[in-house]
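**Student:** These protein sequences, in sequence, are chains A and B.
Here the first sequence stands for residues 274 to 584, where the numbers follow this note's numbering.
Here the second sequence stands for residues -5 to 314, where the numbers follow this note's numbering.
It should be emphasised that the hints constitute simulated quantities derived from the structure, not laboratory data.
Accuracy of the hints is not assured; some may be wrong.
[Unchecked claim] Restricting the straight-line Cα-Cα distance to at most 25 Å, the calculated cross-link-like pairs of lysine-lysine (BS3-like) are: (1) B:Lys248 / A:Lys529; (2) A:Lys469 / A:Lys362; (3) A:Lys469 / B:Lys248.
[Unchecked claim] Simulated restraints on C-beta separations: (4) A:Met574 / B:Ala24: 48 to 58 Å; (5) B:Gln284 / A:Asp338: 25 to 35 Å; (6) A:Asn376 / B:Tyr143: 27 to 37 Å; (7) A:Leu357 / B:Gln284: 45 to 55 Å; (8) A:Arg358 / B:Asn96: 39 to 49 Å; (9) B:Pro280 / A:Glu400: 32 to 42 Å; (10) B:Val98 / A:Pro561: 32 to 42 Å; (11) A:Asn376 / B:Glu252: 28 to 38 Å; (12) B:Gly9 / A:Asn376: 52 to 62 Å; (13) B:Thr113 / A:Pro561: 37 to 47 Å; (14) B:Ala129 / A:Pro561: 22 to 32 Å; (15) B:Gln134 / A:Glu474: 48 to 58 Å.
[To be verified] Selected chain A positions facing chain B (Cβ under 10 Å, derived; list incomplete): (16) Ser320; (17) Arg333; (18) Asp370; (19) Ala462; (20) Gln463; (21) Gln472; (22) Lys475; (23) His484; (24) Asp527; (25) Pro534; (26) Gln536.
The model shown is predicted, which means the values in this text are computed figures rather than measured ones.
C-beta: ideal position from N, C-alpha, C; glycine also.
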Amino acid sequence: MSVLSVSHIRKVFKGGGFFASGAEKVAVNDLSFDLARGETLAIVGESGSGKSTTARLAMRLLDADAGQVMWAGEDVSTLSGKALRKKRKHLQMVFQDPFASLNPKMKIVDTVAEGLRVHQPHLSSAERRLKVAETLQLCGLGEQALDRYPHQFSGGQRQRIGIARALIVEPEVLVLDEPVSALDVSVQAQILNLLKELQQEKGLAYLFISHDLSVVQHIANRVMVMFAGYVVEEGAIEDVFKHPKHPYTKSLLDAKPISHPSQRNDEDVLALDEGVASEGCAFALRCPIAKDECKSFDMRMKDRVACLFPL
Amino acid sequence: MLNIRNLSLSIPVSGQHILAVSNVSLTLEAGKVLALVGESGCGKSLTAQSLLRLGEFQGVNKESGDILLHGKSLFDVSSEELRKIRGGVISMVFQEPMTALNPVFSIGSQILEVIHLHTELDKDAAVQRVLALLANVGLQDGEQLMRQYPDSLSGGMRQRILIAMAMAGEPEFIIADEPTTALDVSVQKRIIALLRNLQREKGLGMLLVTHDFGLVAEMADEVAVMYAGEIVEQASVMDIFDKPSHPYTQALMKCRPEYTKDGQLAVIPGNVPSPGDWAQGCRFAPRCNQANQACSAAPVSLDAWHSGAHQARCIRVDES
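Full structure from sequences and hints, please.
**Tutor:** Structure representation (structure tokens):
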């Protein structure tokens, strides 16, 4: 059984801004996925592709306009308020910016213990403190961290604290939104190792949002590639990375940073490349192999890819 | 040529000045890209900002050493001359395209300001120059763009505008501090190509500050690795990738996720020490997997190694 299942969700944002005319933007369109215990599903795509919105819809931090969200087999699409809060134990989130996501005025012990107050209210303060200490230790932080404040920690340590805060209520799923992109590579490696260890130990499932393909390749089992609110390709990480079928996936992989100066390639890529087509295939404006038929393609997935002319 | 000579800088920390950059020497040459790499907190941005004397606004003090622009000390120039140098001889591309542009002025007026500061062009000629600059960074439809405000542009477009602004005063040297980290991968690739083309075309000397070895591999000719306020290794980009000699450089390269397909990634234990907490002797020794007692006995000098153009600050470099 999947621990997180999302089917046919859709989210439309009304045009923003004070003077805006109210144009609509489809942020996520007819998106479905299942996440199994112990599995890591990555969502990749550029800014504005809808990957963070998808994470927030799955977390029920945003209400979907259509579709269904199930946590551990239970439909939570229509839950709200207290009923939803109780279920949140199942699914926790780790944010990108460990500097912004911890309250600077709260001691670490209080920040990490917050979830316990909701989900295990019967615990005494001594029991809570013990549980926080155990969880911090699991995340590689000693007991001296308990009574300190966020500013006394480095970026990597703060991200450990963010992970501990999510883990303390013993969730089955972690939703990680760019969890290592604000970190130095040396610290990034420490956090990725920690996430792998925790997953093996506890059978956690991860929904992992990232724009860094090397990180995704290292940590994920499956990947969904998003473009302009649509899933354009999905599959096992080796299949998608070794044999991309969608031209957008291929362009992302081609843009992967090189790992040695001998791979330098002096092709001229000066042109701006940011357009999104409003009808037919959204990628058609940028696609090197687009044909006339693409202008009326409805971007439905078939055999793991949403493309009329898969590679 | 732009030379940093034995530069030491201190920063204010709770009322005291603490050494944050010690004895750094670097040379920027026309037409060459020098990358300055290291983890956050190792002093690379402080060093880069010192080239425009920007740190002084945050209370950074020069303790010793000098910065020479074509042989003349940047610390001897008048504030009028310094204003001309900033943007006119040495300019900077900042990391955050979302915050480095002023949200209440149009794109056109922000670039025009730089042109008026550094050239004698009249209004029409200046506008023509802005349009040429925008076209140069791959932005079409310049006339409309000049009337737009930063919030209506994507991150990639803003970064292009910052690059156009940096080029507006026709500088000889450009300092790029993490110019691509806030951008999507596909946009990154284009910004890298753009920077590289401009740098080559104009024969600019570039200081590229980054923690990203992918960017180093793409752009650098020469690489200096910084740790705890000092240069620990300097070599050509090929030597840094093929023969990293300092254990810190070796460890940084191994942490990259593409280095390990499965299983555990290599890590560097611990954290970068804050200024004031630097170890005696080799500053990296407490985190080094190859360190022994001798490493902590006395400060280690930056010595030539291999061909002589390759320098490393490690007493055991001959053994590896």
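**Student:** Taking the earlier hints as the rules, which of them does this structure contradict?
**Tutor:** 5, 12, 17, 18, 21, 22
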